[in-house]
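Visitor: Numbering follows numbering that gives the first Met the number 0, with no gaps: position 629 of the sequence shown is 628.
Honestly, the hints are just simulated from the structure, not real lab data.
Backbone N, C-alpha and C fix where the C-beta goes; we use that ideal spot for every residue, glycine too.
Do not take every clue at face value.
[Stated by the list, open to error] Each pair of labels, with its calculated beta carbon distance range:
no. : residue 1 : residue 2 : range
1   : 416       : 648       : 40 to 46 angstroms
2   : 518       : 597       : 20 to 26 angstroms
3   : 631       : 585       : 29 to 35 angstroms
4   : 75        : 585       : 56 to 62 angstroms
5   : 593       : 350       : 28 to 34 angstroms
6   : 351       : 15        : 31 to 37 angstroms
7   : 390       : 38        : 29 to 35 angstroms
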Amino acid sequence: MTTQTDILWTAPAARHAAANATKLLGWLAKQGLAFDDYDAMLAWSIDEPEAFWRHLWAYFDVIHDGEMAEVMSADPMPDTRWFTGTKLNYAEHVLRLEEAGDPARVMLHHSSELRPHATMSWGEVGAAVRKLATKLRGMGLGEGDCVAAYMPNIPEAVIAMLATTSIGATWSSAAPEFGAQTVIDRFGQIAPKLVFAANGYRYGGKDFDRTEDLAMILAALPEARDLVMLDYQPTAAKAPAFGGNIHTWDDMLSGAEVAREAFTYTRVASDHPLWVLFSSGTTGLPKPIVHGHHGIVVEHLKSAAVHFDLKPSDTLFFYSTTGWMMWNTLMWGPLMGASAVLYDGHPAFPEITSLFELAETTGATVFGTNPTFLQIVKQQGIVPKERFDLSALQSVMLVGSPATPEVFEWVYANVKSDLWVTSQSGGTEFCSGILAGAPIQPVRAGVIQSRGLATDAQAFSEAGEPLTDEVGELVIRKPMPSMPLFFWGDEGNARYRSSYFERFPGVWTHGDRVVFHEDGTCLVHGRSDATLNRFGVRIGSAEIYRTVDSFEGVKDSLIVCVEDGQGGYFMPLFLELAEGVALSDELIGAIRTTLRKDRSPRHVPDVILQAPEIPLTLTGKKMEVPVRKLLLGAAMEDVASEGATRNPHALRWFADYAADWRETQSREEERA
0 MTTQTDILWT
10 APAARHAAAN
20 ATKLLGWLAK
30 QGLAFDDYDA
40 MLAWSIDEPE
50 AFWRHLWAYF
60 DVIHDGEMAE
70 VMSADPMPDT
80 RWFTGTKLNY
90 AEHVLRLEEA
100 GDPARVMLHH
110 SSELRPHATM
120 SWGEVGAAVR
130 KLATKLRGMG
140 LGEGDCVAAY
150 MPNIPEAVIA
160 MLATTSIGAT
170 WSSAAPEFGA
180 QTVIDRFGQI
190 APKLVFAANG
200 YRYGGKDFDR
210 TEDLAMILAA
220 LPEARDLVML
230 DYQPTAAKAP
240 AFGGNIHTWD
250 DMLSGAEVAR
260 EAFTYTRVAS
270 DHPLWVLFSS
280 GTTGLPKPIV
290 HGHHGIVVEH
300 LKSAAVHFDL
310 KPSDTLFFYS
320 TTGWMMWNTL
330 MWGPLMGASA
340 VLYDGHPAFP
350 EITSLFELAE
360 TTGATVFGTN
370 PTFLQIVKQQ
380 GIVPKERFDL
390 SALQSVMLVG
400 SPATPEVFEW
410 VYANVKSDLW
420 VTSQSGGTEF
430 CSGILAGAPI
440 QPVRAGVIQS
450 RGLATDAQAF
460 SEAGEPLTDE
470 VGELVIRKPM
480 PSMPLFFWGD
490 EGNARYRSSY
500 FERFPGVWTH
510 GDRVVFHEDG
520 TCLVHGRSDA
530 TLNRFGVRIG
540 SAEIYRTVDS
550 FEGVKDSLIV
560 CVEDGQGGYF
570 MPLFLELAEG
580 VALSDELIGA
590 IRTTLRKDRS
600 PRHVPDVILQ
610 APEIPLTLTG
620 KKMEVPVRKL
630 LLGAAMEDVA
640 SEGATRNPHA
650 LRWFADYAAD
660 WRETQSREEE
670 RA
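Kindly generate the complete structure, drawing on both the sequences and the hints.
Guide: This is the structure:
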């Protein structure tokens, strides 16, 4: 069995020399900052964040107005302000290479279940952005105004985002599969003046008309005076009922071209809102997380260059929707002069291998995916390298959930042997990475290579002491530029502070359990509020999933642990099995035996049950916390909004199970 100490890959000499991290090391040496290796540069960036960010600003030649007063203010988190005295614009940086490079080069690959594969060049995207931005300005929109989008992952959404941010307006987006109330919970907090929307979409071969939901959304947004409609789904209505002004997408892109030299980007101060991202919102209103132009530009340049190793010749492909932060990070490709791949549709339609087919079609060099998806591909016995030409592929990014050593090993054996396979972890709060790596570091099975540059991440004990080789609470001790400016409408940052700074004053508490090893590698063990507590001993759910997912026929799993009210604990394991597979005594026995042998007796669940489906958030994360709350007696409407759940029917099954379990518990207590 592959272990976390096994080195699976080290960069060949040519790749090591060509890596962006190597180039940054060479540039720093010329500035009088010579470091022996990546780890030394990482240590410096954490110890001296002000010096690091000042040099990074110069290295990437950030376009700005004004003289920098401070790289970072002396104010403690969350009040730290960055690059004060300067003004810049995010969209200008994404599109800066339109002028420097060949405008006919491909900037966007795109396809969907409604559209065949096509491309847009830098020149085409830039021209569309300038034309749309000029129309928006003509409608009176600009700094201080919010613009929202209810659109799929297609070029029009990217163009709308870049046009909005280019004029200093604030952007926010929601995926069209979000239900009306889910969107209202988000956009209702920011009061957009203009809404971009598609009339529907196609997913898994089925057509969905969203105009009725859109009418409900608009009715709840009294500030919205303009609606821009894209006729995307051919069988859907053209537009919803709306009392304001309705414009078609074609209308907004009509008229004379706007020359590059005639267009001005609105450069804004470092405390100016760029966009509003939202937390998952499984309970209560989602947190409206506001980022600034400066923080996102520098953090994204750092991550795109060093932690994704993107270069102008690359093509970045991440499966995402417009409701997930990964959609915003797709612009890491253009930010580095590379291209990005947009896909709207079911990731496994018409076949589980559809994403690999798209990677082949687009010549993707960097492919981001979820370990759970690869686990399904593995269980079906598919060997992608035998079916697809993946010769262009250079890196595989594993995000969304912890990746086991077996997943790493499977990628090298079945996708490509010469790859940088990296597991990384970040968050919507940063719209970037926290735990990352670089191709000039060795790849060890099942672990994250290191902290991100200038990211003082630690594992804290309950007493707030740093831990090594022990699982603790993931914290960040020093400010990062892309930390939220604030939560929209959060008076005095009260909600912001209570969300991240109450447990350890002055220190950001992220909400994950993590271990940092002596060699600098690390591993996320899952969300803190989903930690399994067996008789006072904390267990990471990821440890159990790693073992359970290795069993043939197990499609997905979910485990929780709840107090039984009598000083004991109840830890059920739920299995979603592949079609045609039944939960047998043999399978239950094998799982119990393996958990006891490979993990510990405490890892063995009290009961193993078959569930029709594991409930997931809209971004594909297991809903461990809502299931635990259901077992503790909470009502389903209090633990999760159906609109924030990818498969609400799955959560309803768990609600029914929880009710039956509690009733049984009550009867047993009465008999006792």
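Visitor: Now tell me if each hint is right for this structure.
Guide: Tested hints:
no.: 1; hint: 416 - 648: 40 to 46 angstroms; result: 41 angstroms, holds
no.: 2; hint: 518 - 597: 20 to 26 angstroms; result: 23 angstroms, holds
no.: 3; hint: 631 - 585: 29 to 35 angstroms; result: 32 angstroms, holds
no.: 4; hint: 75 - 585: 56 to 62 angstroms; result: 57 angstroms, holds
no.: 5; hint: 593 - 350: 28 to 34 angstroms; result: 31 angstroms, holds
no.: 6; hint: 351 - 15: 31 to 37 angstroms; result: 34 angstroms, holds
no.: 7; hint: 390 - 38: 29 to 35 angstroms; result: 32 angstroms, holds
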